[in-house]
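Number of protein chains: 2
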Amino acid sequence: MQGSENGNGKPGAAISRGVFMGGLGTAGALLATGCNTPKPSNVASAGGPTPGAAGAVLSGDARKIAEARGLAPADVVAALKTYVPSGKTDEYYMFASGGHSGQVLVVGLPSMRLLKVIPVFSPESYGGWGFSEGSHAVLEGGAVDGRLITHGDTHHPAFSETDGDYDGKFVFINDKVNARVAVIDLRDFECKQIVKNPVIISNHGHCVTPNTEYVIETSQYAVPPGWKPAAVTKSAYANEYRGAMTFWKFDRPKGRIDPQRSFVLELPPYWQDLTDAGKLASEGWAFCNSINTELAVPEDWNNGPSMEISASRNDMDFLHVVNWKAAESLVRSGRVSQKNGIAYIPIDQAVREGLLYLVPEPKSPHGVDITPDGKFIVVCGKLDPHVSIYSIAKIKQAIAKGGMHKDPYGIPIVNFEDALVTQIKVGLGPLHNQFDDKGNGYTSLFLDSAVTRWTVGDESGKGWNLVETLPVQYNVGHVAAPHGDTVKPRGGYLVALNKWSLDRFVPVGPFYPRNLQLIDTSGQQLQLLYDMGIGMAEPHYAQIIDAKLVKPEDIYPPNTDVFTLKPDPKAPVFGKEGTSDHGDHVEVNMTVMRSTFRPDVVRVERGKRVIWRINNVETAKNAIHGFALAGHNISLSLEPGKVETIEIVADRPGTYPYYCTDFCSALHLELMGYFVVT
Amino acid sequence: MQGSENGNGKPGAAISRGVFMGGLGTAGALLATGCNTPKPSNVASAGGPTPGAAGAVLSGDARKIAEARGLAPADVVAALKTYVPSGKTDEYYMFASGGHSGQVLVVGLPSMRLLKVIPVFSPESYGGWGFSEGSHAVLEGGAVDGRLITHGDTHHPAFSETDGDYDGKFVFINDKVNARVAVIDLRDFECKQIVKNPVIISNHGHCVTPNTEYVIETSQYAVPPGWKPAAVTKSAYANEYRGAMTFWKFDRPKGRIDPQRSFVLELPPYWQDLTDAGKLASEGWAFCNSINTELAVPEDWNNGPSMEISASRNDMDFLHVVNWKAAESLVRSGRVSQKNGIAYIPIDQAVREGLLYLVPEPKSPHGVDITPDGKFIVVCGKLDPHVSIYSIAKIKQAIAKGGMHKDPYGIPIVNFEDALVTQIKVGLGPLHNQFDDKGNGYTSLFLDSAVTRWTVGDESGKGWNLVETLPVQYNVGHVAAPHGDTVKPRGGYLVALNKWSLDRFVPVGPFYPRNLQLIDTSGQQLQLLYDMGIGMAEPHYAQIIDAKLVKPEDIYPPNTDVFTLKPDPKAPVFGKEGTSDHGDHVEVNMTVMRSTFRPDVVRVERGKRVIWRINNVETAKNAIHGFALAGHNISLSLEPGKVETIEIVADRPGTYPYYCTDFCSALHLELMGYFVVT
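Protein chains in written order, with this note's numbering: chain B, 4 to 681; chain D, 4 to 681.
Think of the hints as simulated: they come from the structure by calculation, not from any bench.
Among the hints, a few may not be true.
Copies of one chain are not kept apart here, so a pair can be met inside one copy or by any two copies together.
[Unchecked claim] List of simulated lysine to aspartate or glutamate pairs, DMTMM-like, C-alpha gap at most 25 Å:
id : residue 1 : residue 2
1  : K199      : D654
2  : K366      : D421
3  : K428      : D376
4  : K342      : D654
5  : K579      : E311
6  : K441      : D64
7  : K91       : D64
Between the sequences and the hints, there should be enough to build the whole structure, so can you do that?
Have a look at this one:
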């Protein structure tokens, strides 16, 4: 095996700390000869002073407080680097997936404060999500085979990009469990669209192309396309099951995915995994890992080996290399068929057209990440101690040369050696990679519970050196860095998204918080700054964007339909509110302003359908009203300028208060009315 | 009007800062004569050094960091006082209501990190809440007139108490919108029960008696008892609408509210509000405010004044004083009737039995809080600049003396002067009170956006003095202090639960975060320490408990039914898993352990009902698995030892992956299976 095996990344070595010299060459040489001197841990909880950036000298009151609270010098530095005083704001937004909460979390960095939970795949009463007609229609867009789904498993938030950098306009998020993709508009930080993949039933990989031409969604668990029933046998699996890479066309002016201009590229049933889009040197290509090239299937657990064994036998899986620009041209030419209403390129056609190649990659990989210059594809195999560096130039050369072997589905396989630049031995369980602004890459180590820093080298294989390893607590999954997936990483921070939090927080029962750890990457040594507990589902992945690039509206214009972000032609008009009977239904046109719902009494005969529109006619920022209707399962959030509509059936006689659920003035409690069903 | 009017609390005076002298007398005299010298603000964001505890002298690296980040000396102190390093834990838990999210939030103090969102009234997919049969049954317990409700408006978390102090065993939480109460067991921080009030439709006040004999729930918006339809007119309102104070009997060994031993005390339709239970000197009594003694009703907004005007005309409303011990005796004697299946004491009977009295209180009050010694009842009228201090001894004297006037419902009214000890002029919009361990009370000022500190005095009216006012940002509602509602407040901190957060955080669109501000109360001056954004619904109120008192299980014993916290007799047994057809339904008995679902294939004929039990047989702490089933709207959280059951109908043929949603090992992605509906 070629490549330098740098660092002391031997299994179980908890701390491997090198010296980052800036110039790389010297440090690399030191490391390569095993001369790196271990330094004391600068984990913030470690007692005693630590040298350099990790230390802090205090005097006076500050020292007394630090002593009284048992803060070590490194803790003092960490406190000062993360504290954001009242009246000042964070530098970065981190958008983290909410895991199986189905939502997206917005966190400020470096304070690590949770600033918003964006409801997406799961109903959420605080935002009226799933209760209003508009939000219900968005959720219905994600119905599976006609069934409304009220949960999700969000995985990979992806900012919209312009020229390969986050542009702060949209965030896309995928739902693994039902293969869905959602669009969040950063004008108001609200979800606007959910689309269901018509071919696959679960996904994992999710990213955007450098100018957000497409949102790429890649399958995880193979199913018969269209997910029709099929036997779970090796032969049925190989013949009938398929994976897919879906290219959802994003219509930026409309702020919506356009399924009519989207397409699916069929893939073998290899369990595709993480996916990244090429950029600069690799623009026009997409790359995705796979983890079950064994084509293993569950085999009635007591008759055969379990999936964890049978899907992990191969030492090599396959990196999928897709020429999406060529695929797009093919689709535009009209020479493709349709499946379940979407343009579909079967494997054999993809091969004929030169759209799809495979490259061997070490074992059960997760992360596949393109270096900022677009030249290199960095793969980590969870069951291999290396990160493997491939070159797009080498891959293109090999493709041009031709004469490749093929996999059982006829897909050409580029030789491992022809594509590989080098490997870096980083430790056990490499999972995911990020990049900074100083020529470094970062890889999380799931099994070692650590993050590593290494240097990005060149095409010849030189300069790819492990620099440092920092332990984290515990079981880190992904890592996220500011603009860490772009052509222009900002550096300075790394967030380790850890799965477990044993012994890290005051106990909250058998369901432990997750622990997102903020790491300072600006100094010569990595320093752990902050443990952020998250007492919800696992934040699977996150992207971090410069706060200056995000410019949401701070108030809606009057009469806004929040799903179009345009004036709602049916918005109730202040002074013309009322209730009107239309035979089969009653219409309520209501406004709200501190501190009156107009009308403040709504009378309806039993059995009537009620279409109830509410317009928050406030024009002051933050003058939010909520609306709850007793007994009818209705909760709304009415930001100023917002119009919402609900539909209910008045099927139970009674006297039901409605009121504002969002404290709005000293007379907030008086902001109420009665809904009387006679 | 009697009482000393201390302080410079004139309207609009943003900062009123006195000198807390410890001995009170001198400070009080200084303040009363207007001689208090304003001090520089110690709001953390203010630049420049501040004297005393607010300042901090740094040297070396720490100074460089502080300078680079623009931290003022007070900011440095705040950072050092709130930072909790990795490996150390918080001092206190704060349980905050999740407002109209319907949930409860668990936050660590002083770090202000969100450690758990406890699903209660709203389904929550990360915890399988509303998806499992057990949790669905809990939600069904809160159905309104047979309709399942999937949201809530949580208001007042209340810890279980022993001898008037929080005991760390249970938390109760009310849902304002549908008059429901839920029980959270702190053995696992999970909701175990929801009860629907059979008489009222909305509530507000919610507290426990000193030994958790009862959970008290008080109505907010009056309705005809049983919420049947009624006209919305002044006469119908006065005659047919009622409020109520409900005493839910808590069966501590069972960990459940027992509706059969609970009772309702009917009240006039005065819109009862916050409620507190007496303790020590006032044990056996309960106190609740009211805000619509005008008996105003909504009057078709364009024909008359709005509720905010018509319900705010009276200068005095009524404090309700209830002898719940005597009411309990009455109920136990069997001399009460029933309404909708619950023991019910009408107003006239309550008056005859000496259970119910009224005391005038200034205007539109919200907070009613008993001093730690139980001697005084502190009321704040939102539209009156004072807190009013009543004495239980004086109230008892007046009751014993007799000869009281009566309200229109025949309830005796204690004279204001006979019950009042004194008033403290605190500022505009007094909203809620808390207490510390040094003889101080704290009152939030909604209109002034400030919190005040004042001294608790004596029965003669001496020693009740305003000490200090600290501005907060903005529109503070409740305040919470460690054990601030108990006989033994711990002091040190105060949390201001603010409603708005304009200009405090990076923008997240028209729906602003809420801002919980942590204040240090340990020094001679109040110091603002931390702004905690909450990007969800308004945390309406919170209670704060010493972390040492809460001792949850860190893992479930094997085979646990989490709703009984006992072994589940139907728990699937490792080694005996499988699928069995019972004619009308199929049973799946499944175990999960890293990294196999057993069985890993489930085959069912279309149309069958499927009862599916899953047992996480892991015995390692934190080895949590999730379970999601594609296409069937199923999400579960399976902590080690936990057994969950789901029921689905296999009505759509297809091949549906199920998998673990909670990253559990390097082979987590292989922890999957297929559900095939043929």
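Hints and how they fare:
{"no.": "1", "hint": "K199 - D654", "verdict": "between (33 Å within a copy, 19 Å between copies)"}
{"no.": "2", "hint": "K366 - D421", "verdict": "within (18 Å within a copy, 82 Å between copies)"}
{"no.": "3", "hint": "K428 - D376", "verdict": "within (22 Å within a copy, 66 Å between copies)"}
{"no.": "4", "hint": "K342 - D654", "verdict": "between (43 Å within a copy, 23 Å between copies)"}
{"no.": "5", "hint": "K579 - E311", "verdict": "between (65 Å within a copy, 20 Å between copies)"}
{"no.": "6", "hint": "K441 - D64", "verdict": "between (37 Å within a copy, 23 Å between copies)"}
{"no.": "7", "hint": "K91 - D64", "verdict": "both (23 Å within a copy, 22 Å between copies)"}
Checked against the numbered hints given earlier, this structure breaks none of them.
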